[in-house]
Amino acid sequence: MLYAQLESRVQTCLDELVKSGKAVGLQAAVVHRGELVAEAWSGIADTRTERPVDRDILFPVFSMTKGVAATLVHLVAGAGRLNYDAPLADYWPEFGCRGKEKITMRMVLSHTASVPQLPEAESHEEFADFERMAAAVAALEPLWKPGTECHYHAVTFSWLAFKPLKNITGCSFNELVRRYLGKDCYCGMTLREAETLPIAWLEPNPSPPALSDTVPLTENDRIARLAIPPQVCPLEQWMNNTTIRTACIPASTGIMNARFIAGMYGDLVHGKLIAADQLTYAVSPVHQPLVPPGKRGNFGLGYALDATPGEPVGRVFGHGGYGGSNAKADLVGDFAVAVLKNRMDSCDVFTPVWQLVREALA
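Last residue of the sequence shown: number 362 in full-length UniProt numbering, and the count goes up by one each step with no gaps.
Since the hints were derived computationally from the structure, they do not count as laboratory data.
Since we're looking at a predicted model, the values are computed, not measured.
Where hints are given, some of them may not hold.
[To be verified] Across the chosen pairs, the derived CB separations fall in these ranges:
1) Cys347 x Arg48: 34 to 44 angstroms
2) Cys347 x Arg178: 30 to 40 angstroms
3) Glu50 x Gln5: 41 to 51 angstroms
4) Glu193 x Glu50: 15 to 25 angstroms
5) Asp15 x Cys97: 38 to 48 angstroms
6) Asp15 x Gly99: 13 to 23 angstroms
7) Ser8 x Glu193: 43 to 53 angstroms
8) Asp221 x Glu120: 28 to 38 angstroms
9) Arg192 x Pro234: 32 to 42 angstroms
10) Pro229 x Leu191: 21 to 31 angstroms
11) Gly310 x Asp90: 15 to 25 angstroms
12) Gly170 x Glu193: 20 to 30 angstroms
13) Ser207 x Ala86: 16 to 26 angstroms
14) Pro312 x Asn167: 15 to 25 angstroms
All residues carry an ideal CB built from backbone N, CA and C; glycine is no exception.
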């Protein structure tokens, strides 16, 4: 299939999703063999002003930021400056206390590090203070024996993954992104950037799921609520706040466009960023018995891994974010797809695009 035909099909798919009411604003990009081959966008980026989505609109993407943070970790490790299995305290001495002395970057990236609980903060400004929050995370006690259980570190992944990198490199998140990955991705904007760059406005779920006060919480539920406490909810309001947009919280405050994140994953599978053996290592799954029943599993080192019947786990990897934005890469097909959205609901807008791209390129 010619790339122009593929781009036309992706555009039609996005237009139909918006027209049907399944999305407000969408942006997509496809990278094949290391080259951007298709871009499409549709709908409204900001319902307050009726600004339409275009190729340059930036979307807050929540946990998709974890994939970027993980890639930075792999780049620093590939340069020989970080060992996945060394104690995190080797790079962050303050962290090595209260039972955390043996926690490693491998545990952080695979969500087995045992400290998912988000420390308290009394204001957006306190959340936005990277060093304050890093110190609070360094003072946490593990909730289980490190490395023995897998629970999603929804927000604390930010400081666990990036504080060591900051100490090693002396660089900010955005500086490392510019050095290794390019532009159009921010995690910790300047105030001027937050106020002037074209950023999509996040819309709430019009039909949020009902929460029951009568069903007892499971252990998984309890840990999830510690990881994302009520003080940061609703998450769309949190990320629409200018102060939070200036915060470097690399698990959740990334703001980017589709061609950036598709480009990053496309460069990974095309061998432009790290060696093939290191990527294979990074997309090897967490040992499944560590994953509690009913919880998300199939984590590699910082990436979520697809488990498609008949295919090896790790062939397809990437990371999604709250509200449904997602990006994935196919190692065998040497392509990557990103679809970003601004309404925070459970409508799956990624799979239709992924399927049509995979049919064309895989």
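Hints, verified against the model:
no.	hint	verdict
1	Cys347 x Arg48: 34 to 44 angstroms	21 angstroms, violated
2	Cys347 x Arg178: 30 to 40 angstroms	33 angstroms, holds
3	Glu50 x Gln5: 41 to 51 angstroms	31 angstroms, violated
4	Glu193 x Glu50: 15 to 25 angstroms	23 angstroms, holds
5	Asp15 x Cys97: 38 to 48 angstroms	54 angstroms, violated
6	Asp15 x Gly99: 13 to 23 angstroms	53 angstroms, violated
7	Ser8 x Glu193: 43 to 53 angstroms	33 angstroms, violated
8	Asp221 x Glu120: 28 to 38 angstroms	20 angstroms, violated
9	Arg192 x Pro234: 32 to 42 angstroms	27 angstroms, violated
10	Pro229 x Leu191: 21 to 31 angstroms	26 angstroms, holds
11	Gly310 x Asp90: 15 to 25 angstroms	41 angstroms, violated
12	Gly170 x Glu193: 20 to 30 angstroms	22 angstroms, holds
13	Ser207 x Ala86: 16 to 26 angstroms	47 angstroms, violated
14	Pro312 x Asn167: 15 to 25 angstroms	35 angstroms, violated
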